[in-house]
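Under our numbering, the first residue of the sequence shown carries the number 1, and numbering increases by one thereafter.
Please note that the accuracy of each hint is not assured.
The calculated DSS-like cross-link candidates involving lysine-lysine, where the alpha carbons are at most 27 Å apart (straight line), are [stated by the list, open to error]:
hint: 1; residue 1: Lys177; residue 2: Lys489
hint: 2; residue 1: Lys162; residue 2: Lys177
hint: 3; residue 1: Lys177; residue 2: Lys421
It is worth saying that the hints were derived from the structure and are not from the lab.
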Amino acid sequence: MRDVTPDVPAPHRRSFLKYTGALGAAAAVSASLSACSSGPESTNDTGTGGGRDRTLTAVIGYGNDGSWDPTQTASAFCMAANHHIYEGLLDTDPISREPYAALATEVPENPDGTSWKFTLRAGATFHDGKPVTADDVVFVFERILDPDTQTLAKGFFASWLKEVRKIDARNVELVLKFPFPEGLSRLTLAKIMPRHVFSKPGAWDEAIKGKAIGSGPYRQTAHHPKSNTTFEAFDGYNGPRKPAFRKMNWLTIVDAAPRVAKISGSSAGAQIADNIPYANIGQLENGGMTVAGGAGMNNLFLMFNTRHKPFDDPRVRQALHYAIDTGKMVEVALKGHGKPSTSFLDEANPSYRRARTVYDYDPDRARALLEGAGVRRLSIDILAVNVSWIVDCLPTIKASWDAIGVETTLSPQETTAVFTKMDQKQDYQVVAAASNPNQFGLDADLIMHYNYGPENLWMQYTRWASDPVARQLFKDMDRATREPDPAKKKAMVQDYIDVVAEQAVLYPVVHNELMTAWNPAQLSGIRAQPYPGINLLQAKWA
């Protein structure tokens, strides 16, 4: 499953699939990474040995063969791993998303200022033993802000961050274009990387393929695309979140059945797994596992090709949303672990307000909207990703649309295939897929700009960015970004989300929980995330 899509202008980007990890196997890692990739013989290291130095084995339900470049990646596996390998000036709590001092010694006292000064932690070193300096910080931010270098991270910083200046070897200044306190939590998305490593020719390509050298509590020791990635506690780490596990082995198992089997029974080969199917919760709990969910922005969305008639007409898009029996979808496909969407944002988001247009199940209204649009005998082929829970939801969409006279066929395919077609600008009618921008943060400005914007990939896929309504929407979004008053900004965001809801170009059908399972007899301090992956920085052996 690929939960997010990069906000990167198409003419200057590597392919979408490179960022998300939806591309098949990553190319072979270069010779300079061969020492990292030659081992271990550890895919079968299950951590069942004795002692606190035994290996923790985790199962991740997403591929590890996406981009590992922290300035580019939207891969669930790679982002989760990078939070253990790298540090930002500030990092954020994985649940509350409150910022805390990571490489920096403290959080700025005045988040409303236009200058933030940071002192780097004394004695902070990279995994190769070299010290972390202000030059490394400037190096990363210059890449992110470079107008000629298109990165995913650029979309999170360029609108409000003017520049980053070196004061001396351990001090830097971030200069903002206008007050933007939300930016503090975004600093975790700018992982500080060693300039002496990644400024070399070809080094960014190596980062994409898996080369990872940070200053965080764990160093990467081996990387096998489509198999596993291993980590070891970094003895030189002197930061705030000490490593509790001497070694970790993260297995990538995308298919649900073998993923569940790996953590099941008395001879389980792992202590924790994410992306647990709802149907297996009872089985795992009966076997002594703790299973917990996190509700957030994870959603099934519909995306329409607005250049393919009749989907240029918002009444048609609205009709197809009103026609879906979302209550049945939640009950049957999600086993109660979800809610019909009542806004683009999930109900737990701090900026949530019930949208002016809510697509409650109303087949009569759907028929009337289609009739008003002059649409008869409509046939739709839904191009969908084959993520297991999405596939479970598709029959409800088909039955609902068939019931209002829309002949519907389902075409679930590998995520790679779906988004290759999008990148190649192939024709399509409707896409059903999964998204979760909470990997990047909770603030509504980030979430909405990630999904809607004149140059981002989602809008290119929908062919909607040149629409007059879209152009006005983008202006309203930018005005909200610059609004200094938090209450006014929140109201402005909620108002433009009403436009997004009414237009339904790319819009969630349901928001659902993501489930994590772990063995409480072996692990403590685990908190289930509402976005893919795991965070073990506050976990320990029980």
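Pairwise hint evaluation, lysine 489 against lysine 177, where the allowed Cα distance is 27 Å at most: With a Cα-Cα distance of about 17 Å, the restraint between lysine 177 and lysine 489 holds, given a limit of 27 Å.
Please verify whether lysine 162 and lysine 177 have alpha carbons no more than 27 Å apart. Holds - the C-alpha atoms of lysine 177 and lysine 162 are around 5 Å apart, at most 27 Å.
Given the proposed pairing of lysine 177 with lysine 421, does the C-alpha separation stay at or below 27 Å? Cα-Cα ~38 Å, so violated.
This entry does not satisfy hint 3, going by the numbered hints stated previously; all others are met.
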